[in-house]
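Trainee: What follows is each chain in one-letter form.
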Amino acid sequence: MSQLGKIADAVDAYNAHVATEVARARTDAAFAAGLRARWARIRETVDWTVSPTGTPLPRLALPQTDDPAVIAEFLLGQGLPGEFPYATAAYREMYLDREVNTGEEPMRLFAGLGLAEDTNARFHYLGTHQKSLRLSTAFDGPTLYGLDSDHEGVLGKVGEGGVAIDTVEDMTRLFAGFDLTRKDASVSMTMNAPAPMILAMFIAAAQRRFGPGCVAKLRGTIQADMLKEVQAQNEVIFPIDASLRFLGDMIEWCVPNMPKWYPVSISGYHIAEAGATPVQQAAFTLSNGFTYAGLLQARGADVNEFGPRLSFFLDCGLDVEYLVLGRVCRRLWAIGMRDVFGAGPKAQILKLHTQTSGRSLIAAEFQNNLTRTAVELMLAYLNYTNSCHSNSADEPFTTPTEKYATLASHAQSIIMEESGVFKHTMNLFGGAPGLLLLEKQVEKAILEVFREMDTLGGVLAAQEQRYQRSKIQEAGHAYEKQIYAGARPIIGLNKYRSGEPMPSVPLARTSPKKQRLQVARLRAFRQKHAKQSPAALQRLENVARAGGNVFAELIDTVEVCSLGQITACLTDVVGKFRPMV
Amino acid sequence: MAAAHPRPPLRILTAVPLCDGHDSAVTTINIELARHGLEVIYLGYHQSAAAIVRAAIQEDVNVVGLSSYNGGHLVFFKAVVDQLKMRGGGDIPVFGGGGGTITPADERVMRRQGTDRIFFAGTPLDDIMAVIQRDYARVAKPDRKFKGDRALARAITLAESGYPRSKLPAPRSTKVAGHPAFVVGVAGPGGAGKSTLIDELTSRFLRKNPAGRIALLANDPSHPGSGGAILGDRVSAIYSQDDRVFFRSLATRGSLTGLSAAAPAAIKILKNSGAFDLILVESVGVGQESDPFRIYGKGPPLVDATLFVLAPHYGGRIQLQKIALLTGADLVALNKCDHPMAHTARAEIQARLDQNGRGQQLHPTTAAQHFDPGVDALYAALASLSSSHLRPPASRPGSGGAA
Numbered sequence: 001m002s003q004l005g006k007i008a009d010a011v012d013a014y015n016a017h018v019a020t021e022v023a024r025a026r027t028d029a030a031f032a033a034g035l036r037a038r039w040a041r042i043r044e045t046v047d048w049t050v051s052p053t054g055t056p057l058p059r060l061a062l063p064q065t066d067d068p069a070v071i072a073e074f075l076l077g078q079g080l081p082g083e084f085p086y087a088t089a090a091y092r093e094m095y096l097d098r099e100v101n102t103g104e105e106p107m108r109l110f111a112g113l114g115l116a117e118d119t120n121a122r123f124h125y126l127g128t129h130q131k132s133l134r135l136s137t138a139f140d141g142p143t144l145y146g147l148d149s150d151h152e153g154v155l156g157k158v159g160e161g162g163v164a165i166d167t168v169e170d171m172t173r174l175f176a177g178f179d180l181t182r183k184d185a186s187v188s189m190t191m192n193a194p195a196p197m198i199l200a201m202f203i204a205a206a207q208r209r210f211g212p213g214c215v216a217k218l219r220g221t222i223q224a225d226m227l228k229e230v231q232a233q234n235e236v237i238f239p240i241d242a243s244l245r246f247l248g249d250m251i252e253w254c255v256p257n258m259p260k261w262y263p264v265s266i267s268g269y270h271i272a273e274a275g276a277t278p279v280q281q282a283a284f285t286l287s288n289g290f291t292y293a294g295l296l297q298a299r300g301a302d303v304n305e306f307g308p309r310l311s312f313f314l315d316c317g318l319d320v321e322y323l324v325l326g327r328v329c330r331r332l333w334a335i336g337m338r339d340v341f342g343a344g345p346k347a348q349i350l351k352l353h354t355q356t357s358g359r360s361l362i363a364a365e366f367q368n369n370l371t372r373t374a375v376e377l378m379l380a381y382l383n384y385t386n387s388c389h390s391n392s393a394d395e396p397f398t399t400p401t402e403k404y405a406t407l408a409s410h411a412q413s414i415i416m417e418e419s420g421v422f423k424h425t426m427n428l429f430g431g432a433p434g435l436l437l438l439e440k441q442v443e444k445a446i447l448e449v450f451r452e453m454d455t456l457g458g459v460l461a462a463q464e465q466r467y468q469r470s471k472i473q474e475a476g477h478a479y480e481k482q483i484y485a486g487a488r489p490i491i492g493l494n495k496y497r498s499g500e501p502m503p504s505v506p507l508a509r510t511s512p513k514k515q516r517l518q519v520a521r522l523r524a525f526r527q528k529h530a531k532q533s534p535a536a537l538q539r540l541e542n543v544a545r546a547g548g549n550v551f552a553e554l555i556d557t558v559e560v561c562s563l564g565q566i567t568a569c570l571t572d573v574v575g576k577f578r579p580m581v
Numbered sequence: 582m583a584a585a586h587p588r589p590p591l592r593i594l595t596a597v598p599l600c601d602g603h604d605s606a607v608t609t610i611n612i613e614l615a616r617h618g619l620e621v622i623y624l625g626y627h628q629s630a631a632a633i634v635r636a637a638i639q640e641d642v643n644v645v646g647l648s649s650y651n652g653g654h655l656v657f658f659k660a661v662v663d664q665l666k667m668r669g670g671g672d673i674p675v676f677g678g679g680g681g682t683i684t685p686a687d688e689r690v691m692r693r694q695g696t697d698r699i700f701f702a703g704t705p706l707d708d709i710m711a712v713i714q715r716d717y718a719r720v721a722k723p724d725r726k727f728k729g730d731r732a733l734a735r736a737i738t739l740a741e742s743g744y745p746r747s748k749l750p751a752p753r754s755t756k757v758a759g760h761p762a763f764v765v766g767v768a769g770p771g772g773a774g775k776s777t778l779i780d781e782l783t784s785r786f787l788r789k790n791p792a793g794r795i796a797l798l799a800n801d802p803s804h805p806g807s808g809g810a811i812l813g814d815r816v817s818a819i820y821s822q823d824d825r826v827f828f829r830s831l832a833t834r835g836s837l838t839g840l841s842a843a844a845p846a847a848i849k850i851l852k853n854s855g856a857f858d859l860i861l862v863e864s865v866g867v868g869q870e871s872d873p874f875r876i877y878g879k880g881p882p883l884v885d886a887t888l889f890v891l892a893p894h895y896g897g898r899i900q901l902q903k904i905a906l907l908t909g910a911d912l913v914a915l916n917k918c919d920h921p922m923a924h925t926a927r928a929e930i931q932a933r934l935d936q937n938g939r940g941q942q943l944h945p946t947t948a949a950q951h952f953d954p955g956v957d958a959l960y961a962a963l964a965s966l967s968s969s970h971l972r973p974p975a976s977r978p979g980s981g982g983a984a
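Chain order of the listed sequences is A and B.
Using this note's numbering, the first residue of the first sequence is number 1, and each one after it goes up by one.
Using this note's numbering, the first residue of the second sequence is number 582, and each one after it goes up by one.
A couple of the hints might just be wrong.
[Stated by the list, open to error] Now the stretches of chain B that chain A is said to cover, found in silico as 3 or more residues with beta-carbon under 8 Å:
no., region
1, 605 to 614
2, 619 to 626
3, 652 to 659
4, 695 to 705
5, 813 to 826
6, 931 to 944
Rather than coming from a laboratory, the hints here were simulated on the basis of the structure.
Ideal Cβ placement from N, Cα and C applies to all residues, glycine included.
Next up, chain A with everything else stripped away, as it sits in the complex (with noise of 0.2 Å):
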């Protein structure tokens, strides 16, 4: 058995194991009283608050119940705020407004555009809209394929859909003007394939500006998740042995050294947006993460310092599952990482962000996106997300523009600031019997799938095998099927039409003279280090090929290297991807 069937037995034995205590809370009375005792302390230490209309409200909402066996179901088989199996919140309070608010918003948003400079600006100008300082950054394709800007065919590419970034000095300008060793400054960077040497260049530019001692306050997020890649995404570069090596060195050396760093974001958007129902996304995501957390405890490392270093990403949609996907998620989360890899609670917690979906968005009519976009919100934070991105209105055209990205950042303030649905109370929804029954049914389905893959050996072997490419595929034309016939309305498109032509609006591209531009630094930067780059590049082939860290030769490589001479480098040592169909 694989140690995902390990993990569908050991749900399956914490369901039965909470089934029992329900049962024992009816019938043993020295048990029962001690519940009831428990729930009564829980129900003290809940202190109160009023709604601006005048309501009194607890700030957690609790079953309204002194039925033992009630208690018993609510607390083990959901779990305070902040207590396993976590299926009611990662933490106790979340949202809530308090009057001296420690948390941060949970709003993040994702940017990038043109040349380091542009998107330096798109950042400065979102900003001003945020409390605390949360940059995301989105990559132009050649930087995502570690390609340089002016590898053979790529000009047309370079810094469409996201930032052009070639070497460090890319880095510098992306984040100037930034104290990224701020408490309340967060990166996060949508880079998977290239992953170690982008963020061995956030690294040297981070060292180049406050000096060497500001690694450990480093703080953010790097997605580097190559399963999904080679499952959903296709950005791809290295053999996947080679891929989740470099990935494992990364991880390995940020976790002792970038205490507040998460190196890995396992993503179930991209495997949801190529196509995946809601049940396959969670399905794939969680089995991906515990395949990571298989991989680095065969390398030796300890659960309990990587696992709370692992970070969850998941797409939003309309589908019913999204009610309660996240909620699913984390429980399954905490009970395999507990049961099966040994996890303490701070290694149980899967912390969530969330995306509202892009492949829900479409161009027809497109301000009607605006009204899906909030409605995958509210379903995002009705998971209790700890993050959360929502997309504009134009981006089935257009990396956003200024219009829309605003828009799309007041809708989480308007949910969250302006609405009193997730400020004064925890919990306002959780236990309701139509998310628990659909907990189950999603719950139930997605053990199916783990089963499934367990009997073709396992994750890894599912994907040699591509079992999830070709279910994700089956579920995308099943999903373009629907459209087309009609059982799936898509309001503007094929239900409710306007006849509204094609709209008209700016786009955000780059200019070719920006591209030339972008390839001129790179070639001046390769100019400027041609006689250290052979001897650094040297040096890290032969860590490569000796079975070193890779990931601490890069932070030196990329001070003499562009991005390209890295990738060919270490093409050269461990060969190409192959990719599947």
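We have chain A; now place chain B onto it with these hints.
Mentor: Then chain B, alone, in the frame of chain A:
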């Protein structure tokens, strides 16, 4: 003449541009195209304009369809159209789609620059299919203007559409290899990793023969119902994306022999062109039937040597007895040797080969592993077969002219 035969399937090349991994739309479209009876040569995502143009020419397709989702389409489509013209494929139209990322204003620019058509977001799949079948179904005819790979590719297309063999063009390369091509048939059950192994052998050929050229003929089954096919071997052939590789996909179009009925003619065209040192012909997944490279009866076999590839899950010793090709193959490779069953498999297959009394040695390989020494050894064995085949130095077959 061609008109006497049923209209051959429309051949289309689909791909996603460089630095773009969005393949969800294109895979849906590929399935629909094949369902509508088209032969789809899918090149994959993250493909350069040069690779797309090379494939379009070698595959001699009716049309190229590109699915672009992360920008840069104005530059990219123009590069494809321009390079097609430059390399003798200017008659091959290019269409594209990109959801909402390609705007009507972009489309006007792209059409001016030579892109034939853009399908906008929301175009029903059925409409896309109808337009493609209506506008791109040209029947291939001989064209004297075609040179180099395009001339070879067109000759193969004509052979595929049932052109009489005596009337097939016989293009000759201006740059001749200097000796006849060595032709190797590669067969084995589906899933044994033939395509990957061929690509790894190709990478070794390219490294060891800095001026050499290699041709690959990949036979894949047509769908028995629709007559369409998804010919996806190019996707994972990462080392075969090189101008020194001529790669052609052949759909079987109802042939039950493991090869397209046009394969013998295609082999002859490639061989007689004088352009290649080595030709590898991959059959569809076969095992027990017979030798796909010998069934054409009378004359000499189609190939100079055969390579049989199998993986450890062949189902036991009794099954091995039934595999005719294990008796006749010049080279036998057990691929996927990282599989736990490989140890037993090696012993069983070697015992089976020993029965033949021909001194056949099993080559254990793990083609999925880059730089696998087993593949190195297999390549060395193939190269030595090739050079003993060429000894004593043979005069060039029928060709004159070249240096």
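Trainee: State for each hint whether it applies.
Mentor: Now the hints, each set against the structure:
1. 605 to 614: holds (count 4)
2. 619 to 626: Check passed, 3 qualifying residues.
3. 652 to 659: holds (count 6)
4. 695 to 705: With 4 residues closer than 8 Å to chain A, the region 695 to 705 of chain B meets the three-residue bar; holds.
5. 813 to 826: holds (count 4)
6. 931 to 944: violated (count 0)
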